[in-house]
Amino acid sequence: MQFVVMAVVLSLAEMGCFSCYLRNVGIPVKGCNQTVCVQTKMCEGLCYNKDSAIEINHVAPEHEICNGEWTYAEKHVDGCPESIVYPVATKCNCTTCNIEDTECSRSDCPGALSSSERRY
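What the sequence shown shows, in mature numbering (1 follows the signal peptide of the UniProt record, and there is no 0), is residues -19 to -1, 1 to 101, in sequence order.
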């Protein structure tokens, strides 16, 4: 059964089901006592990861996340002396999760057995 599941996952990865890409979104930005919806880009998607079902020495394996390169854009709002500044993703790719600037911890599904409760 595990072989069949792994074969399906690998075939999906080869077909491009795991991807990280730019997506257009609207976000609320506050400035001059008002909230304005601006159109921007963010990174979205899934990255392929190998994850062992057995924890070795309680060390989680490195995993990749959908991350991007960012810049900032400005928008002038009528009646506001200063421009509103908001983030814009310019390029997205799968990169190793960096604990310096990203929450990289794993979380189990609700109701899942903790590592001490699992029977191997």
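One or more of the hints may lead you astray.
Computed Cβ-Cβ distance ranges for the label pairs, DEER-style [claimed, not checked]: (1) Val58 x Lys31: 23 to 31 angstroms; (2) Glu55 x Cys85: 28 to 36 angstroms; (3) Cys13 x Thr52: 21 to 29 angstroms; (4) Ser64 x Ser(-1): 14 to 22 angstroms; (5) His44 x Gln15: 21 to 29 angstroms.
Just so you know, the hints here were simulated from the structure itself, not pulled from any lab data. Note that the Cβ used here is the ideal one computed from N, Cα and C, for glycine as well.
- Would you say the C-beta atoms of Cys13 and Thr52 sit inside 21 to 29 angstroms of each other? Holds - the Cβ-Cβ distance for Cys13 and Thr52, about 23 angstroms, lies within 21 to 29 angstroms.
- So the hint says 14 to 22 angstroms: do the beta-carbon atoms of Ser64 and Ser(-1) match that? Given about 33 angstroms between the Cβ atoms, the range is violated.
- Outcome of range test on Cβ distance (Glu55, Cys85; 28 to 36 angstroms): 32 angstroms Cβ-Cβ, so the 28 to 36 angstroms window holds.
- Okay, Val58 versus Lys31 on CB: inside 23 to 31 angstroms? Because 47 angstroms falls outside the window, the suggested range is violated.
- Does 21 to 29 angstroms hold as the CB distance between His44 and Gln15, or does it fail? violated (40 angstroms)
Hints 1, 4 and 5, counting from the list given before, are not met by this structure.
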